[in-house]
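*Asks:* Sequence:
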Amino acid sequence: MEKTFKITASEGLHARPATLLVSAVNPLDAEVRLVHNGKPANLKSIMAVMAAGIPSGAEVTITAEGADAEQAIEKVSEVFVSQNLGEEI
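Each residue of the sequence shown is one higher than the last, beginning at 1 in UniProt numbering.
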């Protein structure tokens with residue numbers, strides 16, 4: 001499963017939003033990745049998400065594989081919308 005978002009937060013995905021996203025998916029078994037400019041980052045790793053250096057206006061694709069992949073995508077979508085981080089494309 002996958003879903004694409006445009007980052008609307010003026011600061012991009014800095015420490016606070018990255019922490020929210022990682023915390024949302026860490027309890028799940030699915031393998032969840034954030035892909036920016038063709039480079040995947042493990043969405044369960046705060047360091048990987050921070051290292052991606054995702055600015056405002058960037059497009060990112062969230063991919064999830066595994067038993068609770070659908071739930072992982074739903075959780076990420078919920079965080080993006082509720083925290084005003086991005087909008088679904």
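These are computed hints drawn from the structure, not numbers from a lab.
Just so you know, even glycine gets a beta-carbon here, dropped at the ideal spot from N, CA and C.
It is possible that some hints are incorrect.
What the hints assert, rightly or not - In the SDA-like style, the derived pairs of lysine to any residue whose C-alpha atoms are separated by at most 20 Å in a straight line are:
| no. | residue 1 | residue 2 |
| --- | --- | --- |
| 1 | K6 | G66 |
| 2 | K39 | A67 |
| 3 | K6 | A67 |
| 4 | K3 | S56 |
| 5 | K6 | P27 |
| 6 | K39 | M50 |
| 7 | K6 | L28 |
| 8 | K39 | S82 |
| 9 | K3 | S82 |
| 10 | K39 | Q83 |
| 11 | K3 | H36 |
| 12 | K44 | Q83 |
| 13 | K6 | E59 |
| 14 | K6 | D29 |
| 15 | K6 | D68 |
Said to hold, decoys possible - Pair ranges (Cβ atoms, derived):
| no. | residue 1 | residue 2 | range |
| --- | --- | --- | --- |
| 16 | S10 | E65 | 29 to 37 Å |
| 17 | R16 | E74 | 31 to 39 Å |
| 18 | P27 | M47 | 29 to 37 Å |
| 19 | K3 | A48 | 15 to 23 Å |
| 20 | P27 | K3 | 28 to 36 Å |
| 21 | S77 | G57 | 29 to 37 Å |
| 22 | L20 | E70 | 17 to 25 Å |
| 23 | A67 | S10 | 19 to 27 Å |
| 24 | V81 | M47 | 21 to 29 Å |
*Asks:* A separate judgement is required for each hint: does it hold in the structure or not?
*Replies:* Structure-based check of all given hints:
no. : hint                  : in the structure
1   : K6 / G66              : violated, 24 Å
2   : K39 / A67             : violated, 24 Å
3   : K6 / A67              : violated, 26 Å
4   : K3 / S56              : holds, 18 Å
5   : K6 / P27              : violated, 25 Å
6   : K39 / M50             : holds, 13 Å
7   : K6 / L28              : violated, 24 Å
8   : K39 / S82             : violated, 26 Å
9   : K3 / S82              : holds, 16 Å
10  : K39 / Q83             : violated, 24 Å
11  : K3 / H36              : holds, 12 Å
12  : K44 / Q83             : holds, 18 Å
13  : K6 / E59              : holds, 4 Å
14  : K6 / D29              : violated, 25 Å
15  : K6 / D68              : violated, 24 Å
16  : S10 / E65: 29 to 37 Å : holds, 32 Å
17  : R16 / E74: 31 to 39 Å : violated, 21 Å
18  : P27 / M47: 29 to 37 Å : violated, 19 Å
19  : K3 / A48: 15 to 23 Å  : holds, 19 Å
20  : P27 / K3: 28 to 36 Å  : violated, 19 Å
21  : S77 / G57: 29 to 37 Å : violated, 19 Å
22  : L20 / E70: 17 to 25 Å : holds, 20 Å
23  : A67 / S10: 19 to 27 Å : violated, 36 Å
24  : V81 / M47: 21 to 29 Å : holds, 25 Å
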